[in-house]
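Engineer: Work the whole structure out from these sequences, hints included.
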Amino acid sequence: MGTVRVINVSERRRVLTFWERIYLPEVWRGLVLTARHFFVNLWRHTLRLFGVKSALPGAATYQYPEVRRPQSPRLRTLHRLAKRPDGTPRCVACMMCETVCPAFCIKIVAEEVDDPNIEKRPKSFDIDIGRCVFCGFCVEACPEDAIRMDTGITEIGALSREGMVLNIDTLLSLPPKSERGDKPVDFLQQQLVQ
Amino acid sequence: MPKVTIDDLTIDVPAGTTVIQAAEKLGIYIPRYCYHPGLSIAGSCRMCLVEIEKAPKLQIACYTFVTEGMIVRTTTEKVIVARQAILEFLLANHPLDCPVCDQAGECKLQEFYMQFGQYDSTLLENKLKKHKAMPIGPHIMLDSERCILCSRCVRFVDEVSKTHELGIFNRGDHSELLPVKGVTVDNPYSGCLADVCPVGALTDRDFRFKVRVWYLDKTESVCHGCSRGCNIEIHANRRRSHHNDGKLVARLKPRFNGEVNGHWMCDAGRYSYKRFESEDRLLQPLVRLTGKGQEKADWTLALSQVDEQVTHQIGRTGVAAAAVIATPDLSNEELYAVRRLFMQGMKIEKIAHRCPADPNGVEDNLLRKSDTFANTYGAGLIIGAPHTADPTVETILEAAGAGKLKTLFIVGDGLLSRYSADVLREKLKNVETLITIQTHGSVLTELATVALPMTTFAETDGTICNSEGRVQHFDQAIPPVGQSRPLLEMLVDLANRWELKAAPRLPESCFAELAGNVEYFSGLTYSKIGDAGVNPSRRSAATATA
Amino acid sequence: MSAGMEIGAAVGKTIFIVMFALSLGGLLTWVERKQSAVMQDRIGANRASILGFRVWGLFHIIADAVKMFTKEDFVPDTPHKFIHALAPVLSIFFALLSFAVIPFGSSIVIAGQSIGLQVADVNVGILFIFAMMSVAVYGVVLAGWSSNNNYSLLGGVRATAQMISYEITFGLTLVGVIMIFQTLSLQEIVRAQGGLLFGFLPMWGVFLQPLGFLLFMTAAIAETKRIPFDIPEGESEIIGFFLEYSSMKFGMFMFADFIEQILVASMVTTFFFGGWQVPYLGDGGFVFPWGSTIDMNTWLVESLRVISFVLKVSFFCWLQMLIRWTLPRFRFDQLMNLGWKILLPLSLANALVTAIIVLWIGR
Ligand code: SF4
Ligand code: SF4
Ligand code: SF4
Ligand code: SF4
Ligand code: FES
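Residue numbers (my numbering), protein chains in the order written: chain A, 1 to 194; chain B, 1 to 546; chain C, 1 to 363.
Certain hints may be false.
In silico lysine to aspartate or glutamate, EDC-like type, Cα no more than 20 Å apart, as pairs [claimed, not checked]:
id	chain 1	residue 1	chain 2	residue 2
1	A	Lys183	A	Glu155
2	B	Lys210	A	Asp115
3	C	Lys13	C	Asp121
4	B	Lys210	A	Glu111
5	A	Lys123	B	Asp206
6	B	Lys210	A	Asp126
7	B	Lys247	A	Glu111
8	B	Lys253	B	Glu459
9	A	Lys53	C	Asp41
10	B	Lys129	A	Asp114
11	A	Lys107	B	Asp245
12	B	Lys132	A	Asp126
13	B	Lys132	A	Glu111
14	A	Lys183	A	Glu66
15	B	Lys132	A	Asp115
16	B	Lys210	A	Glu112
17	B	Lys132	A	Glu112
18	B	Lys210	A	Asp114
19	B	Lys127	A	Asp115
Think of the hints as simulated: they come from the structure by calculation, not from any bench.
Remember, predicted model here, so these are calculated numbers, not experimental data.
Structural biologist: Structure (structure tokens):
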């Protein structure tokens, strides 16, 4: 165990110099900085407008939705429920994800299955995406690797609150990003816009 | 009295005390599987190994008796390593079904593995397959893969229920706990098997997959199934409404009380919780308006109807033609409130509580009592004792049948277990104003002029006296179901309408007033009764029977 | 001069200055977005299009206007519905009225008549502007009060405190200008700035009153209630006086902000940067300090002057935008500190020193 470090916030307060305190030089510096960006970017925009291809771009932004930012493979995106080889859900309704979810947005109802090697499965499994904070705790908690956040879907919207609740069928039908590739998901139209 | 030192703490204990018990007295918890204070000692799991000075090897705490000057250590390196090894053995063939295992969350394997686990498996062999999800009785599901062969359950059926249905068969790692061939585990205490099993091998079929145990809130209560008054815990699912089929109370569990029920409770009591939220609960007052049929009503209308109808009827036919039946399934406070309002306030002479014996009552020498009323003793003290006439329910019903009674209050559900619907219909047909205060809908509420819905014991506070006269307290576990209200509250409202004095609205204050008025309870308060209850009859046997 | 001509000229000048303010204001809504975007390495609003043409998002001005007019006009549950509706009108009205005394050029001669390029050449122009700016505070206060909402009211109160505090500095700094140019007429002030200092430097207010310029600029920005002085609005978190306004009523407040910005730019131009003056440009053409001259006819000179005025105003609008997108907001106590403990003493000192120097030179 290391020693506890105590930080007194008042000691960390930066003491301003005289020139900082009279504010004007700092204002001037700030204005120079932003003005420089303004003119440099304006110049680049102008060059590009006149077709100078070699000019640097004047903006660092992506022109969404035409251009999309590449997703990190670890990005937490819309959930899906994984399936067993025979197509049944891997989830055994253990309620770990429901318990750990800080947003209380998972609702599972369990039921019994005849196969004594499976015993339990979700009868219904709802995620209220409208409340989800995309923390990924559910994925961490799942002992069956059944819930995953690898669909690559980030555009989620619905015209009603109920539309934001994904049921077990939807969750099971979503493919992982690795299978889907860059193909757009038409499920937005089908499922969410209700 | 040998003096023993455990982990540097010293205590004097009577001879014949085991180390595990002495440690418990010092507040030191030694991990155990096969040891159960309510059963004989088996010493088979070896989880309780401790280091005892001068002993060459580790000893099991559950079957080593203390001797003078013994020095015990429970947390040394050696002990911890031993526990790790034991856990490794126990888990060698364990399926680790935790995600689907109902025991998860209250499983001793999980608990101790968290503390002493080895974490990195060294197991190379395949695990043995045994029986899974095997119903062995109406209430119990066996998963013999999860069994750690502690034999607690075998000792339970041998020593407590004495029904001998279970045994451990085969040898070595093929040993398996199974019911004896051709036998179903259906003894009246079989539910306790799920409690004694420290792991998820024996689980409750009724509770199966209903709700995870960590969602449950626990409330201390007393079973109302018979006059034993077993101490119980009500486990309610208040936090996740979609579990447990949308109901609140998920299960009842026995709560240890050495004076009453030990560690056990009977199955009838255990599964009686279904009454609380059953389909036939009376959720709303019913009112029969003149010239119309029975209709659902709100409380204001229902109470004003009681007020009008009773005032009118008594004004016409007099108090002599009025009677009250208060059955002994009510708590002391509720009975006192009945006495305060009807006997002292309205001056009704005929108040009956004595019912005939329950034809379905069974008695054995473990727990069950043939008197299926929880509070017969209390009713005798509160309604019976001060009463000059003290009629029985039988005589009241006779009088009613003969048309001599025009106004009748029936408070409590007790009549239904004693009389058939036809008999009640016949006896009550001449009563002109019948007010029932019941928890469930029944033939009585059908006949009632006004039927008021009342809370069950899970929804209110109170005390009851068991057959020995022990006063025990139960807590409110869930909010009132539907629009039902506690009896105390509605009697206060009625008294206000009639400008009479009623017992206090809150059970605790009501009990204080009761203690001031009924000698038996004098000096008692809720805090003095505590979790375990007290028995004043031992203090003043003479007064109790007066 | 015939009465008809006079009326015609007055109407013409009014239309010019109002159109100038309004169209520049409209443009500023676009400039605000685009300038901030370019400063922040972004692209900015560029989606509104007509027939696929986007023209760098210029259509957003139209889109915004359409949006403002078609949105739900929410009126809160207040007993002062009339005042609630009146407040935004007041705000924008007084801001526009101030433009009446701003000279945007010297004068032109039409049909032998000389017409001053200023809607009303009042000889108390500065006082008129003060009056208008003081009355403008009513728009804000009434908005906060009539909304029947605590947050709005508090926003209104903050606005009052701020505007009154800074009006003092605002006025006092101009005392220096008045003392130097010895007149209250704005046209006179601008004309006075046509001379040269030390033979080569245009005699602009900023060279005569450098401190005055800084103080005036600060106080004026505070008057417009824009960042870093946007305590009255604080739309991102503390919520201000126009909380209960929607659709075009809100739009009018927003627009009033831009108009005030142009007004401030015009005032700074007029008082400190020579108004419509072009350096070395006299009525007959350029006269450079080194002696060479370029002759021009009056029409060309006048056009150059009007253009110069417009360019200067545009520059100061740009500068205000730059400030607005550079500096963080003051806390309320800092705001009050700055106003009363720094700006006020400095402006008093400025007035005093100016007075002494003016007396000394005049002697
Ligand atoms: S990502 Fe977090 S908030 Fe969303 S469902 Fe999972 S646990 Fe809940
Ligand atoms: S944690 Fe996994 S297995 Fe458990 S309920 Fe959630 S998704 Fe199903
Ligand atoms: S008995 Fe315990 S360890 Fe075994 S599966 Fe059940 S919860 Fe898990
Ligand atoms: S079933 Fe449970 S109580 Fe019985 S031997 Fe196995 S682990 Fe022990
Ligand atoms: S508890 Fe002692 S051996 Fe099992």
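Engineer: Would you check the hint for A:Lys123 and B:Asp206, treating anything up to 20 Å between C-alpha atoms as holding?
Structural biologist: Roughly 18 Å separates the two Cα atoms, so the pair holds.
Engineer: Hey, B:Lys210 versus A:Asp114, does the alpha-carbon distance stay inside 20 Å?
Structural biologist: 16 Å, holds
Engineer: Assess, step by step, whether the Cα of A:Lys183 is no farther than 20 Å from the Cα of A:Glu155, and give holds or violated.
Structural biologist: Given pair A:Lys183, A:Glu155 holds - Cα atoms ~14 Å apart, limit 20 Å.
Engineer: Holds or violated: are the alpha carbons of B:Lys132 and A:Asp126 at most 20 Å from each other?
Structural biologist: 29 Å, violated
Engineer: Are C:Lys13 and C:Asp121 close enough, with their CA atoms no more than 20 Å apart?
Structural biologist: 12 Å, holds
Engineer: Holds or violated: B:Lys132 with A:Glu111, Cα cutoff 20 Å?
Structural biologist: Since the Cα atoms of B:Lys132 and A:Glu111 sit roughly 17 Å apart, the hinted pair holds (cutoff 20 Å).
Engineer: Is A:Lys183 close enough to A:Glu66, meaning Cα to Cα at most 20 Å?
Structural biologist: 14 Å, holds
Engineer: Run the distance test for A:Lys107 versus B:Asp245: straight-line Cα separation, threshold 20 Å.
Structural biologist: OK: A:Lys107 and B:Asp245 at ~13 Å, within 20 Å.
Engineer: Has the given pair, B:Lys132 with A:Asp115, been kept, meaning a C-alpha gap of at most 20 Å?
Structural biologist: Holds. B:Lys132 to A:Asp115 sits at ~10 Å (cutoff 20 Å).
Engineer: Is it true that the CA of B:Lys210 sits at most 20 Å from the CA of A:Glu112?
Structural biologist: Measuring from Cα to Cα gives roughly 10 Å; hence the hint holds.
Engineer: Sort out whether A:Glu111 lies within 20 Å of B:Lys210, counting only the CA atoms.
Structural biologist: 8 Å, holds
Engineer: For the pair supplied as a hint, B:Lys210 and A:Asp115, is the alpha-carbon distance within the 20 Å limit?
Structural biologist: 18 Å, holds
The structure shown violates just one earlier hint, number 12.
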